[in-house]
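**Q** Residues per chain, in single letters:
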Amino acid sequence: MATMSMIQALNSALDVKLSQDPDVLIFGEDVGYFGGVFRVTEGLQRKHGEKRCFDTPISEGGIIATAIGMGAYGLRPVAEIQFADYILPAFDQLVSEAARLRYRSGGEFWAPITVRAPYGGGIFGGQTHSQSPEALFAHVTGLCTVIPSNPYDAKGLLIAAIESNDPVIFLEPKRIYNGPFDGHHDRQVKTWATHPLSDVPEGHYVVPLGKAATVREGRAVTVLAYGTMVHVANAAIEEAGIDAELIDLRSIVPLDVETIVASVTKTGRCVIVHEASRFAGFGSELSALVQERCFFHLKSPIRRVTGWDTPYPHAFEWDYFPGPARVAKALKQAMED
Amino acid sequence: MCPFDLHIPEPSARPGDQPDFSHLVIPPAGAVPRPEPEALASSEIFRETAHGVIRVLDDQGHAVGPWAPRIVPEQLRQGLRAMMLTRLFEDRMFRSHRQGKTSFFMKSTGEEAIGAAQSMVLGPRDMCFPTYRVLSWLLARNYPLTDLVNQIFSNEKDPLKGRQLPILYSARDYGFYSLSGNLGSRFGHAVGWAMASAYKRDDSLALAYIGEGSTAEGDFHEALTFASVYHAPVILCVTNNQWAISSYAGIAGADEATFAAKAAGYGLPGLRVDGNDFLAVWAATEWAVARARANLGATLIEFFTYRVAAHSTSDDPTRYRPAEEALNWPLGDPIQRLKTHLSGLGEWDDARHTQCEAELTETVRSAAKAGEAIGTLGKSKPPVSEMFEGVFETPDWRAREQRGELGV
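Protein chains in written order, with our numbering: chain A, 1 to 337; chain B, 1 to 408.
Next comes chain A alone, as it looks inside the complex:
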């Protein structure tokens, strides 16, 4: 075991897979010699050779098309899109090709690709370095979408993603790369060093896709979150002093609906938290599922705490970001309703 930040854990996952499987290779903008703008691929080219980890042209569509062709051949490519905000030129490749190749070819071809992308806000990145586009991918049948919230999960989920024979969109909340973030942006920045989930095995292990984690147990209300918002929700629960059950979804496709339903059936209340805009966000699907499956157990309306329905604004970052105060308010309202 070693203490790792999320960046180190992701790097370790890639290192493990490069060492284990000659069919794994990594490419993307600036990921080779330089090691990536967030340093996730640092040292991998030096250790494994330039054919295993290399730079690509600035061409997201080209990167994903190339990855799909490699995957169809039989490799397990891991492509990095430098920011999730830049993934849209590759949207056609992901939606029309990667997601459907197995289905439309009657199982003759498939795309076992992993697409990593730093994601989410909280770093003053403005409109083009802060977005949370997970709902766009969750809606596409045939894609898996994974969002880790801590170093241990990040490594185990990334290894699971690389070993999956389905295409996986792996969104890395960049605000928590170097330390957990509870949404109190005006307080001292924390590192992962003191967090229990920074204790990461150095070798191979898997956190299976589609299994949520119960971060804290409680009886009064269920909070559904993923990525950075797990930490924000946890802080809000403590500050509100409510006996809430916090569930970290870890992957939104496949979705661990059983854990969600079991929890809401028990608590009778549900608050959904995500950074992305509200309207038709992933919270809408969660809300519908809970309503369909837990209606007769619900004691109050399902509430959503999300980013506003605006582009991600620069100067208004902390007005936009669904911080602990907004989450705590929603928790209290859920209890009072």
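Derived from the structure by calculation, the hints contain no laboratory data.
Each pair of labels, with its calculated beta carbon distance range:
| no. | chain 1 | residue 1 | chain 2 | residue 2 | range |
| --- | --- | --- | --- | --- | --- |
| 1 | A | 319 | B | 51 | 56 to 62 Å |
| 2 | B | 78 | A | 201 | 58 to 64 Å |
| 3 | A | 284 | B | 5 | 48 to 54 Å |
| 4 | A | 214 | B | 265 | 54 to 60 Å |
| 5 | B | 173 | A | 278 | 46 to 52 Å |
| 6 | A | 300 | B | 378 | 47 to 53 Å |
Which chain A residues stay away from chain B? Per the calculated CB distances, all over 12 Å, these:
| no. | residue |
| --- | --- |
| 7 | 20 |
| 8 | 30 |
| 9 | 35 |
| 10 | 38 |
| 11 | 39 |
| 12 | 191 |
| 13 | 197 |
| 14 | 201 |
| 15 | 215 |
| 16 | 310 |
| 17 | 316 |
| 18 | 320 |
| 19 | 332 |
Glycine is no exception: its CB is placed at the ideal position from the N, C-alpha and C atoms.
Model the placement of chain B on the given structure of chain A, informed by the hints.
**A** Leaving out everything else, chain B in the frame of chain A:
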């Protein structure tokens, strides 16, 4: 100072006009020089290969010039047979559509030489990333006609399990990648395949097709960039059949530069080839294979041809081009031209041609009948449970629940 004037390209003839191909500069067969496959992409000679038209068969059907390939007559007959079979099969399936036996169909009439010759030049371990107009690739490799019919009818024996539009085949064992109705989106997959082959020090090369209209998509330029940067062993082919539904090639930029000439900007060799000349297609493909096998990477080939038929069963080309335009296409018909060549060699004649046509017609008829016996569209289909299979490697709870909801 004069004001600007917006230019909107227009084809040379519209319905009611005389077909007019006088603007096309078509050099005589044998006129374009043949570089060595190892030549530097920056060599002056590639200006000629990218702007001229590489042709082997002259008007009398003789193979002339530096590109004339060595092909034994048996292979030429095989190629001719594949082209004839393609045309007969497509005519039959087109009629099946008109009879309501399927929802959709597309023909490759006039373009049969391209897939047939390339399929024969490439090896069994190479992979073709097709468009929807290269059925002759499969038929040159004796893909079972009944499987095609079953796919077109989406019946119980459909190899694609009822999930895919007619003719968007997939045939891995025949070196034929899964088709999609989105244009150009597999061009980059071929480059990825080729890069994977090079990464594994394999010798499987990739060949991809794109229509001239779709060269305007970003996919085309992304694929060329990656192919160039990583020296991928891939043959990138533009099928310039002059028409993208109702838009003539000028709407994709053909009046400003040839499609083959675009190779130069990527540091790749570009060949512009008479796509109705089986021998020229063969020779250019052999050249690109030799170059790739010498580890010199990709070649861009423009096949200059003409889409004789409608875009699809949903299209009526008499609404946007002269009805007789196909008959006036200056590069003729690929089947007739190969027939004339083989006859000139003393390896074929009218009687054999007629007999071959009769045999192939019967082959097509019996395949169509076999498919019809299983069922045409709506009369037979795979189990509905197949709808829920194959989305993911292992179906998730949604598939399980929704199957239950539908009761299958």
